[in-house]
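There are 2 protein chains.
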Amino acid sequence: MATTVRNDPLRGTATIVLGFGAVALLVWALGGGSGSTVDITGKFMIAVTLVLLLSQLCGRAVRLLRQPPVVGEVLGGLLLGPSVLGLLAPSVQEWLFPAPVKSAVQLTAQLGLVAFIFLLGWEQDVRDLRSSGRAATVVAATCLVIPFGSGLLIGVPLMPALPTAFFLALALSITALPVLARILHDVGMAETRLGRISVSAAVLDDAACWAVLAAILPFAGHHSRSPLTTLAAGVALVAVLVFLVRPLLDVMLRTAPQSAVLTVAVAGALGTAAITEMMGLHSILGAFLFGLVMPRRSVDQEATTQRIKGFTVAVLLPLFFAYIGMNTSLQSVSGQWGLLLLVLFVAIASKFVGGVLGARLAGLDWREAGILGVLMNCRGITELVVANLGLSLGLIDSTMFAILVVVALVTTALTTPALSLLTKRQEVFV
Amino acid sequence: MATTVRNDPLRGTATIVLGFGAVALLVWALGGGSGSTVDITGKFMIAVTLVLLLSQLCGRAVRLLRQPPVVGEVLGGLLLGPSVLGLLAPSVQEWLFPAPVKSAVQLTAQLGLVAFIFLLGWEQDVRDLRSSGRAATVVAATCLVIPFGSGLLIGVPLMPALPTAFFLALALSITALPVLARILHDVGMAETRLGRISVSAAVLDDAACWAVLAAILPFAGHHSRSPLTTLAAGVALVAVLVFLVRPLLDVMLRTAPQSAVLTVAVAGALGTAAITEMMGLHSILGAFLFGLVMPRRSVDQEATTQRIKGFTVAVLLPLFFAYIGMNTSLQSVSGQWGLLLLVLFVAIASKFVGGVLGARLAGLDWREAGILGVLMNCRGITELVVANLGLSLGLIDSTMFAILVVVALVTTALTTPALSLLTKRQEVFV
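For the record, the sequence lines run as chains E and R.
Those letters in the first sequence? Residues 1 to 430, per UniProt numbering, in order.
Those letters in the second sequence? Residues 1 to 430, per UniProt numbering, in order.
I should point out that these hints are in silico values taken from the structure, not numbers from a laboratory.
Computed from a prediction, not measured in an experiment: that's the story for all the values here.
Please note that the accuracy of each hint is not assured.
What the hints assert, rightly or not - Once the Cα atoms are required to be at most 30 Å apart in a straight line, the calculated DSS-like pairs of lysine-lysine come out as: (1) E:K102 x R:K309; (2) E:K309 x E:K102; (3) E:K309 x R:K102; (4) R:K309 x R:K102; (5) E:K309 x R:K309; (6) R:K102 x E:K102.
Construct the complete structure from the given sequences, taking the supplied hints into account.
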């Protein structure tokens, strides 16, 4: 029996490796031979297959290093981009991801991202926060103010304009709720007091970050409208969503069949995302907003979430990581090591100090404060989403984008080892 | 209480109508005003939102006419294509679906189609068929041979070449398993003897149709390889899948976590689809094949299926119907009414005669035989998949494609009314 259990991850991994090898062989044979005869549909299917297998493989590989899967999935995306595949075999990368395939990967990933961010918003029930108490509020406040202030301190001299400095400060203030929740669950801390405080603080931080982002973007974009018009339109949109859409949905979805709830959820998230995108804000904000106003108690939230999440997390998010990887050139960081180390140090130190300070102010002891400082540092996928937003709006250049991808990876990868150092827990991700 | 129940479908429908109106208003305002400033990502999100809402709306509307949702969803797709929107407001259609958006819709729909067809194959457990007995086998045989023979009779004089005549005959021999199962469930016949016979016969017919298709395609494509090479490669692929991939997956997935099973399922289906596509067969065949060899008993098939199906059926299949609609020009049928009526008559009559004859041979009475003749006529989504395959491979022209879309719609729409006439059941789709 023990043998069977020990074999489990190996067996699954072996399957993935074999599948990966088979596809690689196929691509190699076809790429060398009659490569040009494969049409876009065929290449798109090959590309998605590769991304899925590589993502699953890397996700499993990093579990041996006691890391959450997302670290490996992001690494898998980097492998497919200019940092590795484009460097080692540019012709293969060219063949696998011609412009139309890259564009289709981006748009499909966009669907998944909107659905994922919508779920983040939907799962944030403001009423649940009231019970999390003073400790979470204090930790959230210090974990937002100290990294944001530190970010501004380095951002103002480093970045070309004030809005972009604010954006960098914001990017350093993020805590990734979904990855944090996953790590807490995996190390068995989800139901502890510290776990609950950190999740509540991350929820508050996330909400505050999106609000700050919505306030920054009108001043930072290249669009023709004035910032005040965009802000006013944003406020009007929030008012319409809260006072018109939410009550309507609440009444109307109360007795709707589940398929209708699913369609309304996805279509509503996409529609609101399109509206904010056209306003000069970003699609992500619209998806998050619609998630906040989508009714919770009156519909079968659990079943709908599972149906959206299953396909989104397994198939569409790996495409997003691959897209991130294709836009990340780690080479652009070389010669900028000082900048990388500075941003990385400020990101980690400011969040750690914020977490420790908040915890001490809330009356926790030093060890608990240290654990909270570690937990709040986990930036994961949310950092990637914000960095991608900044790159697509021209707020950061490709060097700063690559640096933020490294920050996301390093701060997430540090969480579990630092945690086990402080808690003496030895759980492994399986 | 009765009022609440009566309001259910109306409330949900009202939500959809409102959402649809809001998006339409938005599109109109932006299209008229600053239309050109919306980027492809924004347009893609608007297009998907529209497709989802329209599909849900039409799916609900046809339920008032006691039709399964798929009839409305296909009609919704037709509304967005050249048949309606392109005719009434070509500039709106142009604005909504520029070439890159159309291409992204096609590729995203392709993902959904591969996942859907994979599930069809996965759900076909050959061992279950043994219990369905002689009646199903006889009905399947007559329901395949008579429509196929009749199809050849009109196909040989009508179509330009022998392989295309075979293709038309095949297209008339299809019974849509998923739609049939849905209708049986909705009218409460799923657990009856007649219901089980019709489902088993449809499973056998489907499998036979895919096999015939695989045998026809090598002779019909435009690819450079000889038909025999393609056939040999196809046989080799089946051998590798059955004797190598299936046992490997069976051992390796036995203890894999569910996320790995989901990834292997989707990646395997896409990979095999890409292989058959490049062989000169069609991606659909690869997806179906991989579904057949994917292990059933050793993994959590039910949970994995639900996670794939939820998103696929609600979000990706409507995109497929929209893509079908965008390629269907009902105008091309005008002037060809004789051809349309001929194909429609042969499709309905031959399948009905096949069903009745098979049922009588199996010892059922005339009324039961009539019901089976009606049930086997339901062609639904499978007909659309095959027609789309024929169009993309150049086996049929756009006129015959439009005719087959009409055949799919009419034969599916006839099933429930004809059934209630024969069974005196008065169930309504809710």
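Tested hints:
1. E:K102 x R:K309: holds, 26 Å
2. E:K309 x E:K102: Given that 30 Å is the threshold and the Cα spacing comes to 23 Å, the pair holds.
3. E:K309 x R:K102: holds, 26 Å
4. R:K309 x R:K102: Judged against 30 Å, a Cα distance of about 23 Å means the pair holds.
5. E:K309 x R:K309: With Cα atoms ~12 Å apart, E:K309 and R:K309 stay inside 30 Å; holds.
6. R:K102 x E:K102: holds, 15 Å
No hint from the list above goes unmet by this structure.
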